[in-house]
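All chains should be modelled from the sequences, with the hints used to inform the complete structure.
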Amino acid sequence: MGANVDAAEMIFSEGKEAEVTSDIEGLEGAWYTVTILKLPNKKNNDGKALVRYKNIIEDDSETPYTVSVPLSDIRPLPPRPRDPGELFYQVKDVVDAFYLHGWWPGSISKVLYNPKRYIVTLANPTEDVEVSSSDMRRHLEWVDGKWGISE
363 MGANVDAAEM IFSEGKEAEV TSDIEGLEGA WYTVTILKLP NKKNNDGKAL VRYKNIIEDD
423 SETPYTVSVP LSDIRPLPPR PRDPGELFYQ VKDVVDAFYL HGWWPGSISK VLYNPKRYIV
483 TLANPTEDVE VSSSDMRRHL EWVDGKWGIS E
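For the sequence shown, this note's numbering begins at 363 and goes up steadily by one.
Just to be clear, a hint being listed does not mean it is correct.
Listed below are the simulated DSS-like cross-link pairs for lysine-lysine, each with C-alpha atoms no more than 27 Å apart in a straight line [stated by the list, open to error]:
1) LYS454 <-> LYS400
2) LYS400 <-> LYS410
3) LYS404 <-> LYS454
4) LYS508 <-> LYS472
5) LYS478 <-> LYS454
6) LYS410 <-> LYS508
7) LYS404 <-> LYS378
8) LYS416 <-> LYS508
9) LYS508 <-> LYS400
10) LYS400 <-> LYS416
11) LYS508 <-> LYS404
12) LYS378 <-> LYS410
Listed next, with one range per pair, are the computed distances between beta-carbon atoms [stated by the list, open to error]:
13) LEU449 <-> VAL505: 17 to 27 Å
14) THR397 <-> PRO441: 16 to 26 Å
15) THR428 <-> VAL473: 35 to 45 Å
16) LEU474 <-> LEU412: 32 to 42 Å
17) LYS404 <-> VAL491: 41 to 51 Å
To be clear, the hints were calculated from the coordinates, so they are not data collected in a lab. Quantities reported herein were computed from a predicted structural model and do not represent experimental measurements. Every residue gets a Cβ at the ideal spot worked out from N, C-alpha and C, and that includes glycine.
The structure is reproduced here in structure tokens:
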């Protein structure tokens, strides 16, 4: 477990944003923006980091949701395109759509041109959602410490 803490310290730092995923039913596959509040340390290493969600709040409707998550469920923020509003997507492009407070993987099923709006078929749950290009990004995978294009 010590190696995981060392790797996390190299990639992540407290106070910085990252993304987390969840295995909670209905949320699988989506990535949510969080701020890392505390990383595990070598003395008290449970392999979890304390994070605060950017777009999800507690039941009191005011407090950002804060929880401990396994390091394996955290990744850095994906690289941003130079000008996200200028991206043009085509049918069958694999993308992430910002939907229900998180980034959900899917593919473009229809281009609406109204202005730069698309129908994205989400992978899980299978659902069609209409989104603008500003609420989409190319789908990338974080594998072995590097970003790569999903196939």
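(message) Check the hint pairing LYS478 with LYS454 against an upper bound of 27 Å on the C-alpha distance.
(response) With Cα atoms ~16 Å apart, LYS478 and LYS454 stay inside 27 Å; holds.
Check the hint pairing LYS404 with LYS454 against an upper bound of 27 Å on the C-alpha distance. Since the Cα atoms of LYS404 and LYS454 sit roughly 45 Å apart, the hinted pair is violated (cutoff 27 Å).
* Asked: Is 35 to 45 Å right for how far apart the beta carbons of THR428 and VAL473 are?
  -> 39 Å, holds
- Message: Next pair to validate is LYS400 with LYS410; report whether the Cα-Cα distance is within 27 Å.
- Response: 9 Å, holds
Between LYS454 and LYS400, is the straight-line Cα distance small enough, at 27 Å or below?
39 Å, violated
**27 Å limit on alpha-carbon distance, applied to hinted pair LYS378 and LYS410** = At roughly 16 Å apart (the allowed maximum being 27 Å), LYS410 and LYS378 satisfy the hint.
Exercise for review: For the range 16 to 26 Å, tell me whether the beta carbons of THR397 and PRO441 fit it or not.
Suggested key: The hinted range 16 to 26 Å holds for THR397 and PRO441, with Cβ atoms some 19 Å apart.
* To do: Below or equal to 27 Å on CA atoms is what counts here, so check LYS400 against LYS416.
  => 15 Å, holds
Could you see if the CB distance from LYS404 to VAL491 stays within 41 to 51 Å? Given about 43 Å between the Cβ atoms, the range holds.
- Message: Just to be careful, I want the Cα atoms of LYS508 and LYS404 compared with a cutoff of 27 Å; is the pair within it?
- Response: 25 Å, holds
- Item | Hint consistency between LYS508 and LYS472 [alpha-carbon to alpha-carbon, up to 27 Å] | It is violated: about 30 Å lies between the C-alpha atoms, which goes past 27 Å.
Between LYS410 and LYS508, is the straight-line Cα distance small enough, at 27 Å or below?
21 Å, holds
Checked against the numbered hints listed earlier, the structure breaks hints 1, 3, 4; every other hint is satisfied.
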